[in-house]
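Top line first, the protein sequences correspond to chains D and L. So for the first sequence, numbering that gives the first Met the number 0 puts the first residue at 0; every next one is plus one. So for the second sequence, numbering that gives the first Met the number 0 puts the first residue at 0; every next one is plus one.
Since the hints were made in silico from the structure, they are not lab data. None of the values given here were measured: they were computed from a predicted structure. Even glycine gets a Cβ: it sits at the ideal position worked out from N, Cα and C. There may be inaccurate statements among the hints.
[Claimed, not checked] Derived CB-CB ranges, DEER-like:
1. D:Gln-311 to L:Asn-91: 14 to 24 Å
2. L:Met-54 to D:Asn-127: 53 to 63 Å
3. D:Ala-149 to L:Leu-160: 30 to 40 Å
4. D:Lys-234 to L:Asn-56: 15 to 25 Å
5. D:Pro-139 to L:Gly-93: 24 to 34 Å
6. L:Asn-56 to D:Asn-127: 52 to 62 Å
7. L:Met-54 to D:Thr-322: 56 to 66 Å
8. L:Ile-113 to D:Asn-240: 39 to 49 Å
9. D:Thr-138 to L:Leu-129: 19 to 29 Å
10. L:Glu-109 to D:Ala-149: 24 to 34 Å
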Amino acid sequence: MNPPPVKILLFSLLFTTAFMGSISPLFNMIISMNSAFGDGLTQEQITDSLGNRKADLLIKMIPTVVTTETLEKGQKPTIEFRLFDSGTNQSFSHVTYYVIVEKDEKKLLYDLFHDHAGDLRIQVNPSNTGNTSISGEKTPLLGVWIGTSAKPVTISGPIFASGGLYHFIVRIETVDSDNALLPDSQEPIYDSWLSIGNTENQQIDIGGKQVPIKIISYYDKLKDFRFDAKNMQMKLDMPFNWNLSRLENSSIFVHEEIYVPKPNAFTLKGGFTGSVNGANISKNVVLDNSNPYTDVIHVMLPKNDLLNLADQLDKNGQTSNGTMSFMVQPGEGPANSMGSMGSMGSMSGSNSSMAMGNTS
Amino acid sequence: MADVTKFFTSSPLHVYLLILVSTILVLVQYSILIHPHNVLGQNQALSASKVQTWMDNLSNIKTEFTYLPASPGIDKPTQLKFNVVHLQNGTNLGDLSARVIVLTTSGRQERSFIFPNVVTHNGSFSVNYLFPDSGSYQVISRLDSKGFLTLASFSVFVPLLAGGTTSTNNVSLLVFAASIAGIIGILAVVAVKYIVRKRRGHE
Chain D
0 MNPPPVKILL FSLLFTTAFM GSISPLFNMI ISMNSAFGDG LTQEQITDSL
50 GNRKADLLIK MIPTVVTTET LEKGQKPTIE FRLFDSGTNQ SFSHVTYYVI
100 VEKDEKKLLY DLFHDHAGDL RIQVNPSNTG NTSISGEKTP LLGVWIGTSA
150 KPVTISGPIF ASGGLYHFIV RIETVDSDNA LLPDSQEPIY DSWLSIGNTE
200 NQQIDIGGKQ VPIKIISYYD KLKDFRFDAK NMQMKLDMPF NWNLSRLENS
250 SIFVHEEIYV PKPNAFTLKG GFTGSVNGAN ISKNVVLDNS NPYTDVIHVM
300 LPKNDLLNLA DQLDKNGQTS NGTMSFMVQP GEGPANSMGS MGSMGSMSGS
350 NSSMAMGNTS
Chain L
0 MADVTKFFTS SPLHVYLLIL VSTILVLVQY SILIHPHNVL GQNQALSASK
50 VQTWMDNLSN IKTEFTYLPA SPGIDKPTQL KFNVVHLQNG TNLGDLSARV
100 IVLTTSGRQE RSFIFPNVVT HNGSFSVNYL FPDSGSYQVI SRLDSKGFLT
150 LASFSVFVPL LAGGTTSTNN VSLLVFAASI AGIIGILAVV AVKYIVRKRR
200 GHE
């Protein structure tokens, strides 16, 4: 027997009231879930969407150059997280970020952070203590840390205490309202890597003279450095996972900087021959001679070159040792030179852009 | 047969009485036939609400939520129950720190209540809350554990009448009660008018 119309009407009214009331905070959002990946240096902009709005996440280190050396001098970098609509450049408001920071697959931080204006700032005080501690203000209801540009939340602990890649996983928990949680299927998740340059000071013998050089490895800490004075070959070894699918799924960029004081025979010719695991990468070796006192040799491997290298080396069985072995030596021919690192500000990957700094 | 006809035509009061009796009979019959469990007196207050689920695939956590009674009463204790399960192996999670927040914007003002440190046992925990008013409430749980942190959001509807729900059972009861009250009211007015008119006729 069908229920009478009055019953249907009353039931519908009550049900609609209950249903609408319970989900109304989420009603203005029709959001799709996407995971975005990035593997950058000191800044990344990763694209995703929230319904019909673009939702780009900018992860930026302030200042742009953070190395083990600058940290030892007392630098306290700030990380900026800004969720914004890249179509309008307007920040989302009332953004709650769930931030996970990992290094070498070890979880260093997982906590919730909020900024009403959507522009979260976290100041990092690196220390070699095992535990991470957070200080700042919290929201009264959810107990979420508040970090604004004027008053950033402060994190002390092993984050940035050593050089190399730090993996940031950022999930957006709320937008537009402090307490309207996005369901799991609609929460954008951003994957990003920020680099702390690992500074190493070495001495090399050029023409019988000891020359102090500095090497900054932005991707990972070097595990070996050798200099062959006879052949003028500089050799650097760095841990590296050559897995092709990993490389394909991330916007990756490998960057090494070698600082050599002027004048020196190593950079005199201006040109360089370079290789990685024996494969020629001479075109990826660039000299920045804009500083009057120091030449900077950059070895830069963007994603496409890394994919080609991985493919080539995999066929020769040279990827199984988990090492990237660089060799750089002075070469003939015109130099690959650059005025400043500013021109390298955007090394775009498939869905992100990244920037690196310049210490020279 | 003639007596029956006379009874119905002799006085309007008799007609109204007939309408009243017929209506009551129809409504009772409707109630019995359509919703026999109402008459049998099934007590919904003893059962919990349907299970609401909040997934967290990043942490591999599923939070389940129910409340008891299924039809919360105003200013009466309602138990808000949570169960936290690992998504991959289905086991309950231990060593949790829980926080429960109850939010509402009903009554045109935002109100909230926080249970800051809720004791958990093998992934389960509950709090008792007295809903101050009818309307929709948002219940948020925040769980902190070693290695992850997860938020979950659920909804509770508190009906206007204590013990009422949005189910068809109570709707039909409401219709029944309203109908009886309406008929009695109309009947009373008509009866008074009839008596007054009759007295005037005698005068």
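These are the hints, each one checked on the structure:
no., hint, in the structure
1, D:Gln-311 to L:Asn-91: 14 to 24 Å, "50 Å, violated"
2, L:Met-54 to D:Asn-127: 53 to 63 Å, "37 Å, violated"
3, D:Ala-149 to L:Leu-160: 30 to 40 Å, "50 Å, violated"
4, D:Lys-234 to L:Asn-56: 15 to 25 Å, "44 Å, violated"
5, D:Pro-139 to L:Gly-93: 24 to 34 Å, "28 Å, holds"
6, L:Asn-56 to D:Asn-127: 52 to 62 Å, "34 Å, violated"
7, L:Met-54 to D:Thr-322: 56 to 66 Å, "40 Å, violated"
8, L:Ile-113 to D:Asn-240: 39 to 49 Å, "45 Å, holds"
9, D:Thr-138 to L:Leu-129: 19 to 29 Å, "25 Å, holds"
10, L:Glu-109 to D:Ala-149: 24 to 34 Å, "26 Å, holds"
Comparing the model with each earlier hint shows violations of hints 1, 2, 3, 4, 6 and 7; every other hint is respected.
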